[in-house]
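K.L.:
Build the full structure now, drawing on both the sequences and the hints.
Residue numbers (this note's numbering): 1234 to 1775.
If you are wondering where the hints come from, they were derived from the structure by calculation, not from laboratory data. A virtual CB, placed ideally from N, CA and C, is assigned to each residue, including glycine. Possibly wrong hints are sitting among the right ones.
[Said to hold, decoys possible] Quick list of simulated restraints, FRET-style, between CB atoms:
hint, residue 1, residue 2, range
1, Gly1681, Gly1743, 19 to 25 Å
2, Thr1598, Ala1528, 36 to 42 Å
3, Val1694, Val1513, 43 to 49 Å
4, Gln1717, Gly1489, 23 to 29 Å
5, Gly1457, Gly1419, 18 to 24 Å
6, Asn1588, Val1513, 24 to 30 Å
7, Val1694, Thr1455, 25 to 31 Å
8, Leu1625, Ser1668, 26 to 32 Å
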Amino acid sequence: PRLYHSTALLLPDGRVLSAGGGRFGGMPQIDQLNAEIYSPPYLFRGARPVIGSAPATGQYGASVFVGTPNATSIARVTLLAPGSVTHGLNMQQRFLELTFQQASGGLTVQLPANANLAPPGDYLLFLIDRNGVPSVASFVALRTAPNPVPTTTSLSPTSATARGAGFTLTVNGTNFVNGSVVRWNGVNRTTTFVSATRLTASIAAADIAAAGTVQVTVFNPTPGGGTANAQTFTINAGTNPVPTTTGLSPTSAAAGGAGFRLTANGTNFINGSVVRWNGVNRTTTFVSATQLTAAILASDIISVGTAQVTVFTPTPGGGTSNAQTFTIANITSGLIAAYSFNAGTGTVTADASGNGHVGTITGATWTTAGRFGNALSFNGTSSMVTVNDTNLLDLTTRLTLEAWVYPTIAPTNWRTIIAKERTGGTTYFLHAGSSSSNRPAQGVYVGGVEQSLFGGSQLIVNTWVHVAATYDGVTQRLYVNGTQVASRAQTGAIATSANPLRIGGNRVWGEFFQGRIDEVRIYNRALNPAEIQTTMNTPLTP
1234 PRLYHSTALL
1244 LPDGRVLSAG
1254 GGRFGGMPQI
1264 DQLNAEIYSP
1274 PYLFRGARPV
1284 IGSAPATGQY
1294 GASVFVGTPN
1304 ATSIARVTLL
1314 APGSVTHGLN
1324 MQQRFLELTF
1334 QQASGGLTVQ
1344 LPANANLAPP
1354 GDYLLFLIDR
1364 NGVPSVASFV
1374 ALRTAPNPVP
1384 TTTSLSPTSA
1394 TARGAGFTLT
1404 VNGTNFVNGS
1414 VVRWNGVNRT
1424 TTFVSATRLT
1434 ASIAAADIAA
1444 AGTVQVTVFN
1454 PTPGGGTANA
1464 QTFTINAGTN
1474 PVPTTTGLSP
1484 TSAAAGGAGF
1494 RLTANGTNFI
1504 NGSVVRWNGV
1514 NRTTTFVSAT
1524 QLTAAILASD
1534 IISVGTAQVT
1544 VFTPTPGGGT
1554 SNAQTFTIAN
1564 ITSGLIAAYS
1574 FNAGTGTVTA
1584 DASGNGHVGT
1594 ITGATWTTAG
1604 RFGNALSFNG
1614 TSSMVTVNDT
1624 NLLDLTTRLT
1634 LEAWVYPTIA
1644 PTNWRTIIAK
1654 ERTGGTTYFL
1664 HAGSSSSNRP
1674 AQGVYVGGVE
1684 QSLFGGSQLI
1694 VNTWVHVAAT
1704 YDGVTQRLYV
1714 NGTQVASRAQ
1724 TGAIATSANP
1734 LRIGGNRVWG
1744 EFFQGRIDEV
1754 RIYNRALNPA
1764 EIQTTMNTPL
1774 TP
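P.N.:
See below:
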């Protein structure tokens, strides 16, 4: 018997090659190597059909002609992959029976529809008659049909208006395949295959930003394939839309400050729209159809007041937008104490308001990593700044407290930013955390009761956050990063005391802040939202 690597392989002439070796186990070498060619009984049932002609190659799904003088006696046409046998296993074998019809001088044979039935490669084609006698096989190579060259016949739409919105383009034609790509002036666009005669493509607004014409083609990939004839798409000039404005950033600046870059948000902006400051053009940069930036000069914000900001779009069409109001604020009015913490050394910190409220530093250390310049770093257990009491610090009907803080741990429970102490409590305060879900808080001592107001959420750790509190004798308000986050109605005068003002902690309850504090301001009036946005973005000057 044949043992290891025994082989039985069908030959193109219908015979079988049988081969192998014996006596393997325990022997120093394999011997008795032998082979024989076996002629099965079906070869002796009659005369064999003859293949007179057959194609050397064929494409999937194609019909091919096989010439034979025995067409009327053929019962089966088969396709068999050439053998590749080892260990008794014929790897990747395929056997298919093909449909066929008699034709003059032979047969019309239908090849497999796709490569799932028979992968590309060489196959043996046999004709088998009614007696089961096979012909000698012909080799036929199955190949994938090459992609056709596409053609285009029309577009829909055929035109668009410059600076309009993006859209879906339909391309009609012939010979499209799943893999065809629409090209816009030679550049591929995201394409959807609909059918062999229709594709759609996504055209972006940027593709029609300027008037002109575009050549639209279709590309089919290899094998075969190629580029279609071009269709012309027209981008019409149209008329410019009237712009609208929806907001500014920033919305305010300090009177006498430096020039800055203003962002105008809105709709219908074009490359050519101009920001106007009280009707005067300012150097403008087009960002998008919804945003422009403009250079605002220091001379534009010399005096306290307001400016009207508009956007102008030139002809054809165009026009002037609605106006947005920009506030030029006097951020030093009512300022009674201010600390930039920019000294960098020493145990005292100067009062930038000019009112002489010098602060004594206990335990806090200087750092160059401030919000603007330097800052003070507080340890959360004992460090603070102490400012001795004066009449100016006794705020009774109006106040603003604000500072930039950088918590290095999440503020939990009460954590002092600014507090004016009294016996057994405070007269006014601003805290980074509180007993109410660790949220920031402000409070005033009115009518013998500490009236507190809490923010919406805990401050973010390792991030600079601006916190501000106001009281105008009618309403308490709390701001985070320039946005009001809480308010409550409150009337009455704030109690006064001879106790000191503290920054970063207090002696009454030992509530200390851990992290950095910068740009502390205290006013004897309630700043409005525009003023708070201005102060938070304007560094104190010594």
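K.L.:
All the hints need checking, so say for each whether the structure fits it.
P.N.:
Going down the list of hints, with the structure as the test:
1. Gly1681 to Gly1743: 19 to 25 Å: 23 Å, holds
2. Thr1598 to Ala1528: 36 to 42 Å: 40 Å, holds
3. Val1694 to Val1513: 43 to 49 Å: 45 Å, holds
4. Gln1717 to Gly1489: 23 to 29 Å: 26 Å, holds
5. Gly1457 to Gly1419: 18 to 24 Å: 20 Å, holds
6. Asn1588 to Val1513: 24 to 30 Å: Roughly 38 Å apart at Cβ, these two residues miss the hinted range, so it is violated.
7. Val1694 to Thr1455: 25 to 31 Å: 57 Å, violated
8. Leu1625 to Ser1668: 26 to 32 Å: Since the Cβ atoms of Leu1625 and Ser1668 sit about 31 Å apart, the hinted range of 26 to 32 Å holds.
When the structure is compared with the earlier hints, violations turn up for hints 6, 7 and for no others.
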